[in-house]
Amino acid sequence: MGEHAVLVEDPPGGPAAWSRGVRTCDLPDVVDVVPAAHTVLVRWTAGAPRESLLDALRSISPVAVDRHAPELVVPVRYDGPDLDSVATVTGLPTDQVVELHSGATYEVAFCGFAPGFGYLTGLPDRLHLPRRATPRTTVPAGSVAIAAGYAAVYPGASPGGWHVLGATHLTLFDPGREPPALLAPGVRVRFEPT
Amino acid sequence: MTAEVALVVVEPGIATTIQDDGRHGLAHLGVPPAGAVDPALARLLNRLVGNRTGAALFETAGGLVVEARRAVTVATSRHAAPLVLRPGERVAMPPGGDRQWHYLAVRGGIDTRPVLGSRSHDTLSGLGATALSTGIGVSIGEEPGEPVADITPIVPVGDVARIGRGPRLEWFDGDPLGALTARPLTVVASSRVGVRLRGAVLVRVRSDELASEGLVRGAIQVPPDGDPIMMLADHPTTGGYPVVAVVHPDDVATVAQHLEGTSIRFRL
Numbered sequence: 001m002g003e004h005a006v007l008v009e010d011p012p013g014g015p016a017a018w019s020r021g022v023r024t025c026d027l028p029d030v031v032d033v034v035p036a037a038h039t040v041l042v043r044w045t046a047g048a049p050r051e052s053l054l055d056a057l058r059s060i061s062p063v064a065v066d067r068h069a070p071e072l073v074v075p076v077r078y079d080g081p082d083l084d085s086v087a088t089v090t091g092l093p094t095d096q097v098v099e100l101h102s103g104a105t106y107e108v109a110f111c112g113f114a115p116g117f118g119y120l121t122g123l124p125d126r127l128h129l130p131r132r133a134t135p136r137t138t139v140p141a142g143s144v145a146i147a148a149g150y151a152a153v154y155p156g157a158s159p160g161g162w163h164v165l166g167a168t169h170l171t172l173f174d175p176g177r178e179p180p181a182l183l184a185p186g187v188r189v190r191f192e193p194t
Numbered sequence: 001m002t003a004e005v006a007l008v009v010v011e012p013g014i015a016t017t018i019q020d021d022g023r024h025g026l027a028h029l030g031v032p033p034a035g036a037v038d039p040a041l042a043r044l045l046n047r048l049v050g051n052r053t054g055a056a057l058f059e060t061a062g063g064l065v066v067e068a069r070r071a072v073t074v075a076t077s078r079h080a081a082p083l084v085l086r087p088g089e090r091v092a093m094p095p096g097g098d099r100q101w102h103y104l105a106v107r108g109g110i111d112t113r114p115v116l117g118s119r120s121h122d123t124l125s126g127l128g129a130t131a132l133s134t135g136i137g138v139s140i141g142e143e144p145g146e147p148v149a150d151i152t153p154i155v156p157v158g159d160v161a162r163i164g165r166g167p168r169l170e171w172f173d174g175d176p177l178g179a180l181t182a183r184p185l186t187v188v189a190s191s192r193v194g195v196r197l198r199g200a201v202l203v204r205v206r207s208d209e210l211a212s213e214g215l216v217r218g219a220i221q222v223p224p225d226g227d228p229i230m231m232l233a234d235h236p237t238t239g240g241y242p243v244v245a246v247v248h249p250d251d252v253a254t255v256a257q258h259l260e261g262t263s264i265r266f267r268l
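Protein chains in written order, with the numbering used here: chain L, 1 to 194; chain P, 1 to 268.
Since the hints were made in silico from the structure, they are not lab data.
Possibly wrong hints are sitting among the right ones.
[Said to hold, decoys possible] Computed footprint of chain P on chain L, listed as stretches where at least three residues anywhere in the stretch have a Cβ under 8 Å from a Cβ of chain P:
id : region
1  : 3-9
2  : 41-55
3  : 105-117
[Stated by the list, open to error] A few chain P positions that, by computed beta-carbon distances, are all more than 10 Å from chain L:
id : residue
4  : Val31
5  : Val138
6  : Pro184
7  : Ser191
8  : Asp227
9  : Ile229
10 : Thr262
11 : Leu268
Quick caveat, the model's predicted, so the values are computed rather than measured.
Virtual Cβ for every residue (Gly too), placed ideally from N, Cα, C.
All chains, please: the whole structure from these sequences, using the hints.
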């Protein structure tokens, strides 16, 4: 991916675990390690020794997620505009949609689209739906949503094509906070009905 | 460092923002790098007024006019030498000339509150935004130790940019790199997010969707309608359009500085 980056496709252990492996190695000169659904982008500073970096990347071992790390609990008011339509399409009563969504444990596989927008894996199969046919021009900040096999929480108001099940009062992204993003890759998440 | 206003915006101009070296190392959180569209020009102007190269400065597509509230030294891409402004004196940045993006560096650097370690305004996410309307004042940092240069030597914008193969070259029919380099491409739209180019016919051989993947500044994405887009400072961290080629990092600004309607030649 140009002079100072490489896009690694289907790395050993999968993008989430492999990118953790890269971060664990703390290679000098590496600026960004960006996992996505099937790839990891690794970017380094100009002037860094490219060949030795690529050699180091070839011997990275994946690192499993830490199952003892504290989970992020996201309180959710399950009153979203798409709760009923999701119930209809899945053939489940709405309270079972809520039970399924809030009963799972999720992992942030990667981020993209906007600062702090995490794509969470672990959504029960029965809630796997394609994106809405017509995206909304505005989805409010804090919207808890699902689409394409992922769960997410919109950190800020933006256009959105996901099915909104509810809302949380949590501030998902705050540049003045440490950490700025609550949903960073590797964070384990549960949703809790309020 | 003082909170006292040193410069006041008289005319905000077009697409004027405060930029520095950008926000790096946060792409995994969805944070674009931002930073000056033409980092070499920004660094040069900073050095000319004695600043460290990462100092914050004004970036504008033109029309910016600022007035000094106290004695300040500035260097701009529109003036042949650094200028000392006495209180009440103004400096204007006309648009156009030979490039799209102009810079106004001030000795001491623009001093705004950094967001995630940078004073850059990312226009895609809004991070680091500072309202720059008429009457807004900015303060500047401490006087640096380095001297001010006597002239502002600006290198003309080149005509040619080097490209290398991108990760999804095989998504395209025929010789896509040949198509990109056969004739000059015209800039049809330009922003801090990306530059849209016309003149190369790139035909996909795959019609399935590409799962979003990491992007870099300089990556040339090809959306379904065909006109390739070169990613720029405020590019999204991931994208679902295949990247056919990547512009050499030192030549990205060459492309970005081309005014709309002008043409750039790519070469391998």
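In rising order, the numbers of the hints this structure does not comply with = Of the numbered hints given earlier, the structure breaks just one, which is hint 4.
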